[in-house]
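Enquirer: Going line by line, the protein sequences match chains A, B and C. The letter at position 491 of the first sequence is residue 491 when you use our numbering, and the numbering goes up by one with no holes. The letter at position 537 of the second sequence is residue 537 when you use our numbering, and the numbering goes up by one with no holes. The letter at position 265 of the third sequence is residue 265 when you use our numbering, and the numbering goes up by one with no holes.
These are computed hints drawn from the structure, not numbers from a lab. Computed from a predicted structure; not experimentally measured. Careful: at least some of the hints might be erroneous.
Claimed, not checked - Derived BS3-like pairs: lysine-lysine, alpha-carbon spacing no greater than 30 Å straight-line:
hint	chain 1	residue 1	chain 2	residue 2
1	B	329	C	223
2	C	279	C	223
3	B	545	A	541
4	B	128	B	567
5	A	219	A	541
6	C	247	C	279
7	A	562	A	31
8	B	329	A	541
9	C	279	B	45
10	B	5	C	200
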Amino acid sequence: MTQIIIKNGFVIDPLSNIKGEVMDIAIKDGKIVDLKEVDESRAIVIDVKGRVVMAGGIDVHSHIAGPKVNTGRLMRPEDHYLTNIPHILPYKRAETGLTTPNVFRIGYEYARMGFTLVAEPATPPIKTRHTHHELNAIPMIDKMAFVLVDSNWVSLDLIKEGRRDLLAAYYAWLLKATKTYALKLVDPGSDVAWIIKGSGLDIDDQMPEYGFTPRELIKVIGDVTQLLNIPHKIHVHCNRLGYPGNYMTTLKTMATARDITKVGEGLAMHITHVQFTGYKGDSWATLESGGEDIAKELNANPYISLDLGQVILDRPVTTMTADAPFEFVLYHLTRWKWFNSDTEVDAAAGIVPYRYRSKSYVNTVQWAIGLEVALLARDPWRIFITTDHPNAGPFIDYPKVFAWLISRKAREDTMKKVNQRALKRCSLPSIDREYTLYDLAIMTRAAPAKLLGLERFKGHLGVGADADIVVYDIDPRVVDISKDYERVVKAFRRAWLVVKDGEIIVRDGEIVKTVYGRTFYIDPEMPAELEKELSKVLEAKFRELYTVALESFVIKENEIAKPMRISTKTYLR
Amino acid sequence: MSNAKFILNTGRSLSQGMYMESEGKWSESYFKIVATIEMNPSDIKKLGVRDRVKIFSNGNGIVALVKPSDRVAEGTIFIPMGPIANLLVDGDTDGVGIPTFKTTEVEVRVSEEQVTTLRDVLKLLGAKNLEVFAKDLPLKSGERKFFESVSCPFCGDLCDYLKIEVDGNRIVRNVGGCAVSIAKFLNYHKHRILEPYMRMNGSLTSVDFDRALEEAAKILASSKYPLIYGLSSTCVEAVEVAIELAEIVRGVVDNTSTVCHGPTVLAVQEVGGVYMTFAPVLHLADVIVFWGTNAREAHGNHITRLITAIGRFRKGRRDRKVVVIDTRKTMTADMSDIFVQVEPGRDLELITALRMALKDLDIESPTVAGVPREKIYELAEIFRTARYGVIFFGMGVTQTGAKLRNIQAVIRLVQELNEWTKFVLLPMRGHYNVTGANQASLWLTGYPYAVDFSRGFPRMVPGVTTAVDLLTNGDVDAALIIASDPVAHFPRKAVEHLSKIPVIVVDAKWSLTAAFADVIIPAGLVGIECEGTAYRMDGVPIYMKKVVEPPPGVLCDVKILTNLVEKVRALKGLRS
Amino acid sequence: MGVPVTFTLKLKAVPKVLVDARWVSPDRFADRAIDEIKKFRVLEGGWETTVGELFEVIGPEKAPADPKEIDIVIEGSTSKICYIGYKMSGGRIVIRGDAGHFIGYKMRGGVIMIHGSVRNYLGCKMKDGIIEVFGNAGHRVGSKLQGEKPGKGMKKGSIVIHGNAGSEVGLGMTGGTIVVEKSAGNLVGSSMTGGTIVVKEGAGLYPGLEMLGGRIVIGGVVKGILPSFYVDSYIPLLKVRGMEFKKPFLSFIGDAVVGGRGFLQISYEDNKSLLEFYKSLVEEV
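Chain A with its partners taken away, still in its complex shape:
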């Protein structure tokens, strides 16, 4: 296999505590190795003097695959008409789409930005096989999916029946059966209310037919993930998303993390795309930012991590979420296209095209919230940059978000163009903080690797790590990134060099080779006794609830193109 030496790069690697040193990095058999192990005369030697070297980027929340992503593509042919890049055979397939890109565009654009691992954050169990088909088809990156559990009738039945041990066993089985990586809660409990009654829920409302509240549900599932000892515990999209005043619900949700009984390592709860659930005020007209309050709770609550869901202004987006009741509400604002899918007995989803406008009061507040949270958070290890692609913006705009975080000037330049009345009600203009490239490397590499429990071989450049390496054409020793933020946008938009599993896939910002990454999934260990008991329950539940056979539901390992099984030692008895 290819041996590569990346010479003279300015290396930033927070997990190895390297804050910017000129170093050489050696690659052999897809891994980073000690320089001594590579024969320089036989290796490809690339001199990257004056450029930054980081580990491949990791995105913890981006809707890149699955039934709703595909329905988004179906619903938005107009998104494809002017966004095509022809194929270059034999090494590059055709790309199309901005907010609903095809699999090739997804893989290639992430690679061009130097991202090498992306998590699809919501897949309905019964259609997860579909999600895997798409993940298999996405080139360049490693990937994983989080499975939706909050409105799953089987688990709700078990909670109602008070069978906590079986519930844990069921989630363990579900992760393995669907080949997914973590449990996702979307507007907890709401899809049950939506499918049965056509409405949503707040955190202390009672779920129809089940009689307990989303708050209790979050706690139960949180406790169970502790028992399962899975690396990424619960991934929560809060109730009342998209409603003015919902920041209170978010604060309450964050507080539940304190109640979760902790037995394992790692953060107890991840709150996702917090911008959408950070609204103060009692109507759209009086909307204010709840960013400060949320950042305060984050700083005080050590069990929580957040990602932004940063709004990108003046770009079309396609909102798609398993929060079906919210999409129905949004459809009333746009009155154009709305797709809803009630998915078996385990989830629902909605899709509505939208556009955030810089002149809009509401959209400006939304834009400010994400940045406020990010800039007021003290610990970059617990805050992640996302646009909840394609909900708040397409992922290809991450470099813009980077610029807003590292440069006050970048924010000021954008603030000139937005709704000024809205700005007056936000604290963003008064915030001076500027992140460094080191912080950025934490937020996009080191911290996500840790959050996903993959810090052994992802997110750093130490010996033994996967050779996912990116070189950006910028030298922070020479360029003042705070002033010259456009250089940062340019450099991060198109990486100068990307190595994936030891192969060069991007040079000078362009794809030079199509490769396919792995799909990570969790296989929690289960005591045989419990497994036996569970299988009886499953058979009965499937016969009653599902319209597929239990056997059809289970995804076999050979259906995943390049599976990467991570087993965990559980506390199940």
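Once you have looked at the hints, place chains B and C on chain A.
Expert: Here is chains B and C on its own, set in the frame of chain A:
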């Protein structure tokens, strides 16, 4: 003798499906079914028909036997889906890609001429070869095996609870399948293509696999704009390879939704949709509408799975109200609580009136599309007060009149109903994996079907890149047909173009399209001999098992297409 | 402005597959030498060829810089050649025969005349200019593209078709005029938000479906109208854009299901059995 004007409707029937799967499309029994015209007894009397009539449409005349049936309204005739019906259908697609399969105006004349035979029909269409080398796979008893949770590769219901019993390579029992499913499994060995063929000096000659593949690759690599068509009766893994092939040769790849639920897909592109998977229907639906679909005949198990079955909150048939809206009193209508007979091709008027009733807008006309105004208000009230309503709709809505705009309006109706209650809809997809063909096409190209790669990136333009338009107007110069039979389903002019261009057929059974083939490559039957994933009509993907091995020397679609891609790449100098 | 120069493109052989000839437009020709024009890229199916391969190109050594001074004449008839006049802003294209899809796609000005028939999407998304077809036109004349919002179709300018037109004439159009001298297919003017469509003879099913604004005039037999159009008035003699119909029309407003305020005017005598009832409603008031 004077001609009488009739409206021609076509559609699936149970016996058409059964004979197609058991005896094959070249059999007398299949042809007899698809060449029999159903006519209202009073029309038969009025015309003075003895046992046959001659039907004309766009100058084509065919003679066929008549069967009296009070299921068809006066002034209309019904011919099951097949080559005869399609001979009469006009190739124009209204820019939507789907011909007006239903509500075609035809002229009917009493006749005593010889009944048109299948070979007459094929000759009329310009078939290249009429020899049929279909063989039955020799069966040998042997090891007995039982398979559970087998999925059925026939219709979009993709039942995955069949129990199949196998004796050697003989399938002896199918428990749980509908009549068509049983016919399909138990006769899987019949009318097979067991060797590759090439047309040489005007007749088909058996050749080895490599030779046939080489020739197929040559045809594709040397054509400027080939059409790759079919794909709804194979697995998504094969669909993905077929799309890659289209990208390499810069041709068009289309699947059969182009002639069935294409308009549905186009309507979703315009307004979205409100779909569900089966379980919410089972557990919650109390109002179930079948609109322009004869589910009981075309989707044998649909009713028992979802309507009569017991769900958590709905205890079977008695907890549900069944409404059937159709142009004729189908077998599905026989089991309905409310049957609404709508004038053929006028569904959009009825949908619009229902939307008006919901919005409290006055309906001025006392009848709409043949339905009294009061009945429309009643229907709107039933919909509005449902706890969980669902509309299953079929080709009766997609193939007539306003086509995609019918569906667009139904989707809007359902979206508007959600202001009042929970309401969803779902297209009754015909082929077992047509949904999967759409899905794979979407994730690879961004478009559900009719994807053109002539510019090196995907494009889809209904009416331009759709298979029927391309063939009817002679816009393509080669065709690769995979697991599909356009000769049995496309209008005459489209089929005629297949006689003028090189055609490659990849199929398990000897289809009518084989009569137009220059290269024939045998394939294993997906879901019986080959594994792979199919998507149920509601988008639930199921990995299909195999219960027997493919015939000796016969490969599965994925393998065949992967080999073909390699060969085409080599010819085009595109080795990676 | 100088005297226009003419480039004549003589078709060498009839292509067997669809051809994308979007570089055939005065804007592309402007300021180019004839040898450059001959080398313009044309796609024959998925294969690249050139204008010079497909046509014999006759014209001056160099085209003027202003597209308005360029006439392009295409001789030879084929329904395969598509996208002629793509985004043209001025000048004139004359096609002496049939042409394919997307003629005058996104056109911004100038004139296209076709002495034959064209296929689908004539004048699709056109912003301005004039198109005249002496034969028939296919479906979706002056339309938007699939999946776009209503109003994303033709914006300004005029399309005159001397023969018949297909279905969905003016789909999603927002301005301009389309005149069909003979009859049109189903769904004339669906989702239109403005502009005028005049069909002098008959039309198919349901003109004006989901129209929000604009005006549709149908001078012959209509195969069906939607119940969501409310009858407004009886017009004994109709004038529209300088055309006069010396017969009575019934005028409807709709489409009510989308809260539309468009006018749909249908010849009364030709559709007496369909419209008699509606006329009685106007008379009662």
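Enquirer: Confirm or reject each hint.
Expert: Outcome of the hint check:
For the hint linking residue 329(B) to residue 223(C), the alpha-carbon distance of about 25 Å falls within 30 Å, and the restraint holds. Our distance criterion of 30 Å between C-alpha atoms is met by residue 279(C) and residue 223(C), whose separation comes to about 17 Å. This hinted pair checks out: residue 545(B) and residue 541(A) have alpha carbons roughly 23 Å apart, not beyond 30 Å. Distance check on the hinted pair: residue 128(B) and residue 567(B) sit about 26 Å apart at the alpha-carbon level, within 30 Å; holds.
With a C-alpha separation of about 23 Å, the suggested pair residue 219(A) and residue 541(A) falls inside the 30 Å cut-off, and the hint holds. Between residue 247(C) and residue 279(C) the alpha-carbon distance is near 15 Å, which keeps this suggested pair within the 30 Å criterion. For the hint pairing residue 562(A) with residue 31(A), the CA-to-CA distance comes to about 17 Å; that is within 30 Å, so the pair holds. Taken as a hint, the residue 329(B) and residue 541(A) pair is broken in the structure, with Cα atoms around 38 Å apart against an allowance of 30 Å.
Simply put, residue 279(C) and residue 45(B) have alpha-carbon atoms about 38 Å apart, too far for the 30 Å limit, and the pair is violated. Proposed proximity of residue 5(B) and residue 200(C) is supported: the alpha carbons are some 27 Å apart, at most 30 Å.
When the structure is compared with the earlier hints, violations turn up for hints 8 and 9 and for no others.
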